[in-house]
Each structure stands twice: as C-alpha cells, then as structure tokens.
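Chemist: Below are the chains, spelled out letter by letter.
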Amino acid sequence: MTFSPELEARFEKFLAKYPADRKRSAMIPMLIYAQDEVGSITDELIEEVAKRVGVTPLQVNEVVGFYSMLHRKGMGKYHVQVCTNISCLLVGGAELYDQACHKLGIGHKEVRPDGWVSLEEVECMGACSWAPAIQVNYDFYHDVTPEQLDKLLDGLLAGKTPEQIDEVRKVN
Amino acid sequence: MLYNQPNPLEVKILSRRFGLPNSQSIDTYLANDGYKAFEKALGMSQEEIINEVKASGLRGRGGAGFPTGMKWGFLPRQSPKPKYIMVNADESEPATCKDRLLIEYDPHQLIEGVLIAGLAAGSNQGYVYIRGEYRYLIEIMDRAIDEAYARGYLGDNILGRGLKFHFATHSGAGAYECGEESALLESFEGKRGNPRIRPPFPAVAGAYQCPTVLNNVETFCSVPPIILNGGSYFAGLGTPKNGGTRLFCLSGHINKPGVYELPMGFNLMRMINEIGGGMRGGKKLKAVIPGGSSCPILKADECDLAMDFDTLQAAGSMLGSGGVVVMDEDTCMVKAALRIMRFYAHESCGWCIPCREGTTWLRKLLQRFHDGMGQRSDIVLIGDLSKNMLGRTFCPLGDAAALPTISIVEKFRDEFEAHLDGKPCPYEHASRLVTA
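Protein sequence lines correspond, in order, to chains B and X.
Take the first sequence: its letter number 153 is residue 152 in numbering that gives the first Met the number 0, and every next letter is one higher.
Take the second sequence: its letter number 37 is residue 36 in numbering that gives the first Met the number 0, and every next letter is one higher.
Note that these hints are calculated values from the structure, not bench results.
Don't take each hint at face value.
Said to hold, decoys possible - Listed below are the simulated DMTMM-like cross-link pairs for lysine to aspartate or glutamate, each with C-alpha atoms no more than 25 angstroms apart in a straight line:
hint, chain 1, residue 1, chain 2, residue 2
1, B, LYS50, B, GLU5
2, B, LYS12, X, GLU103
3, X, LYS190, B, GLU36
4, B, LYS12, X, ASP145
5, B, LYS16, X, GLU103
6, X, LYS283, B, GLU94
7, X, LYS363, B, GLU120
8, B, LYS16, X, GLU188
9, X, LYS240, X, ASP309
10, X, LYS298, X, GLU409
11, X, LYS255, B, ASP138
12, B, LYS12, X, ASP141
13, X, LYS190, B, GLU46
These figures come from a predicted structure and were not determined experimentally.
If we strip away everything but chain B, and leave its shape as in the complex, we get (with noise of 0.2 angstroms):
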C-alpha cells in the first residue's frame, strides 16, 4: 500500500518514537493519521500497518473496534460532530443535533449520497465551558446558535468548505 510522502514521514517519525523493540506503540497513531488519507479503514490498511509495527491484522483489528474515531466505513470529506453531552445539553445541544438530522436528511454516523458532509451525535469534546459546541473534523465551533449551524450546514450543503463559509468560523 503506498502513502504519500507526507504521511510516509510523519509514520517515520512515529515509529522513532517508541524504543525499537516497541514499534506497537505506534499503531494507533498511525491508523489515525493514516484515516484521515485513506478516507476509512480499510483491510488494506490494517494488513499494512500490521506488517509496519510488527503484529498481526488481527491484532490490529481488535484494537481499532475499540476506539469511536476509527471508522471502518468512510464518514464525509466533512464530518459534522455535534455533542449533547451534559454541558452542551443544557443549552441546546441536543436541539442542535436535531437541526442537523433534519437539515442534512441523515442520522447518526451516516454520510450525505455525495459523501461531501457526514454526521455523528459526539460525547464530550472538551468545550463544556463554551458551549454548545460543534466539530467539523477537527476543528472547533464554540457557543453555537441554531442560525450559525444553519448557516454552515447550508454552505457545506452547496458544496463550500467550511474555510469558504465567512458567517461561522472555527475558534482553533
């Protein structure tokens, strides 16, 4: 399976990371950013990152059952998390969910048919003092109003990045 140089570096740099006889430390690092290239993870991958830190796929698989930010199927280029853990929920996390199932016409880590946008209901995220707060991949929106999400949903809906949608911007 072949990376770009890019991820081929940054896995480089991992696997430096750990002593030499601990190459497994690397995996889940790996899968992660490798995910992110990849789009999902696919058996490609497992047998490929099992052959790089030393284990079997089997191996690899059990661990990335276990972990709610490894998807073996494909979420959307970009993926909506919205939490309605306890802090969010008090002030509207929950109704900010709802928004978006309707909005989008999708559920719970599931992806438009265009695979531009998916959505996932997320527990915390660590932006209980700020919130409602949402996620686009990785990035942050704090104090999110139901007209800000809608305006972001709109524009990934019309096919902007969130980067072209001026009205809502991402705080990190």
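With chain B held as given, fit chain X onto it using these hints.
Modeler: Structure of chain X alone, referenced to chain B:
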C-alpha cells in the same frame, strides 16, 4: 484569543501567561520566568524536588486528588529498568475543558513540569497522550517540543549539562476509558484501552511494565510554580491539604461560563454568582455537579461550601476534575441522569461485567422512565443496580456511572415520581415533543 474573559477574582498562577501575545512560543515563555524552575531544579536532589512537591499540598488534578508528591515518592528509583514520564492529556470527563487551554496557551509550562518530574524520577523519556479530538493541540505541542529541542531544553545534552531527556506526543483515537491511567498505558502500548488490575500501580509497573510517573496535564503544569516559588507558597494559596489553585470549568445555566483559575477552597456559591455571573435569565438554582459528570450531584441548598477535595468528600461528593455544571430550576433531573448514563454506557470498555451490563441496563431503565413508561419499582431498581456496580470493577468507570445516578435518584426522587403513570416529562415543551 481567549475563549472567555478573565475574572478579577482569579488567582493566576498556571494561567498567568494566557492571553499574552504568542504565548505558545518559547521566547514568550522565557521572557516570563520560563524554564527558571527547571534550572533551579537542576541544583536540587531528587529528594528535595519530591519534598517540595509534597510540601505544596498538590493533589492530582485529573480527578482522584491523590497527593502528587507521595505518588512520585512511590517510584522505585533504584530499579534498573528505564523510567517514564507520562502526561495524561486525554481530558474527556464531561464538563472538563481546562487541559486544552493549558496546552493551547502555554505548552512550554507543561514541558518544564515534565522535565522537572524527569529529574525527580531519574527518567530520560516522557510522552504526552493527547486525545484524538485535540488534533490542533498535538500540532501546538509538537511545535513547542521542536522549539525546546532547538534551544537545548530537550535532547541528549540538555543545556550542555550532559543530561538526557526526550519528549514526544502520542495521539489517542476516541475513548473516555483511556483517561483512566492503566487503560491509558494499554492504549499507549497499541492495544484496546482496557484497564489493568492494580496493584501493581503505574509507579512500579507502568509503560512497558517500567516505573512510570503518570499525572494529569494540570498537575505537571503546577510543578514549575511550586519549584520556583517554593512548596509552602503554593500550599498557602489553598486550604489545608489542598494546595494551590486550580482551573475550574464552569458550564451550564450561568451568565459567564468559562475556565477560571481560583484558589482551592473557593466557595461554590461565590463561584456561581461572582465568577459565573449568576444564573441565566434570573432563574433559580436547582443543582450542581461539582467536578465532572462522575461526581454525585449537590442540591441548591448544599452548595454553600468550599471547593476542595476534603470538603466535597465530607459533603458526599467529589471535587473530581474541576468541571462545575450548574443547572437551573427548569432542568429535568431524569433527563440529566439519562444523558449521563448514556455516556457511561457508550464509554464502558466492556472489560468488567458489572459496568458493561450495569450501565446498559441503567440507560434502558432511565430512557423508559423519561419516555413516561417507567414503573414505581424501577426507581428502586435504578438505585439497586447502581449500588451493585460500586467497587466491583477494575477501574473507576463503574463507580463514575453509579455515583451520580444514586445521588440523583436519592435527592430528586420526586422528579422520577412526576414521570410515572404515563405522564410526559413535565419539563419538555409540547412543541419539542411534536417534532421529536
């Protein structure tokens, strides 16, 4: 850019560099007392460093509140095995968002704390396990680490003193369980994040079964000010046996939610009114979760207390991770209990049966209750199931799910009864029931 305005009542020790221009850069850090504590620690013995941390009264900021100096003292320094420093930046206790700021605004403070821990432990390798959702923090931390290498604070010959210490980031991939120290170590080793049986504790058998100092981000960040100003100075900021300040994360129905650094023992009602700007919309206070969603809930009339580990324990709750969730009179406590249990059922790693089965059945029972199909006997069953999880699991996740549930059932039994006999939730607006 700061995510919330500071409050004049704050005592800024760990957060003193927050908001400075280029606060992430090593130049800003060095211009503001950066790495001075490490240079001071270079002239101290391992015992002296550990004794200073003991004298500071610093207790683990991840949630358990274990005395940090004592934890460091457990490390078998004479062991021939390599020793590791492990930073827990898996911050995932609901209502907690402080470690994020410590890394985002002042990553070098964390590196310095880790370096001092490395000296105390005789370690030359550290890692920071950062939750996968905090990808931008991994990038910030990687840049800071590169700067520290370039300036000679990390590497094989630190500051030309012949000292060796290496430090690297490690990405998680989404699992609350990995915030628990032994599960974090399993995950770090490239495995499922199931907890280990303890003892042995990580101090003796941690990363790769080697002696490991494992603490929360905020705990390590407290170390440079302790070494620089002395343990007794830090201790004097808080209450007896609860040294220093901590970052409290205020969320929920208040006017000014945010992360604020306050002395240990700061009064909770003052925190709500003077720091948090009072209740939103002039509503009445109903309840507070004082330290993250694992903590037993406090009713409004129980909130006039000092926020330190011992006072909270005496009040039947916990100070936990510093996540203060404020709920007003319109909050449905059955819904709150349900949402908290949904989280624990989702995050239970499945290793211990009482937790795996208990959280799932409790979620189902609470869902049924909130949907108006609960039976009177369910109220007792919810309490019983929770109590049967307590102390019966490898890690504290089972307790973390049970404790808030038991407290909500005991303190808000009337709200459960209000959901009986097919009545809809008294707090749900009719409009929402139609669209849902």
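Chemist: Each of the hints needs a verdict: does it hold here or not?
Modeler: Cross-check of the supplied hints:
1. B:LYS50 with B:GLU5: 19 angstroms, holds
2. B:LYS12 with X:GLU103: Status holds; Cα separation ~22 angstroms.
3. X:LYS190 with B:GLU36: The hint holds at about 22 angstroms.
4. B:LYS12 with X:ASP145: 13 angstroms, holds
5. B:LYS16 with X:GLU103: 22 angstroms, holds
6. X:LYS283 with B:GLU94: Since the Cα atoms of LYS283 (chain X) and GLU94 (chain B) sit roughly 23 angstroms apart, the hinted pair holds (cutoff 25 angstroms).
7. X:LYS363 with B:GLU120: Within the cut-off at roughly 18 angstroms; holds.
8. B:LYS16 with X:GLU188: 12 angstroms, holds
9. X:LYS240 with X:ASP309: 8 angstroms, holds
10. X:LYS298 with X:GLU409: This hinted pair holds, its Cα atoms lying about 11 angstroms apart.
11. X:LYS255 with B:ASP138: 23 angstroms, holds
12. B:LYS12 with X:ASP141: 11 angstroms, holds
13. X:LYS190 with B:GLU46: Cα-Cα ~16 angstroms, so holds.
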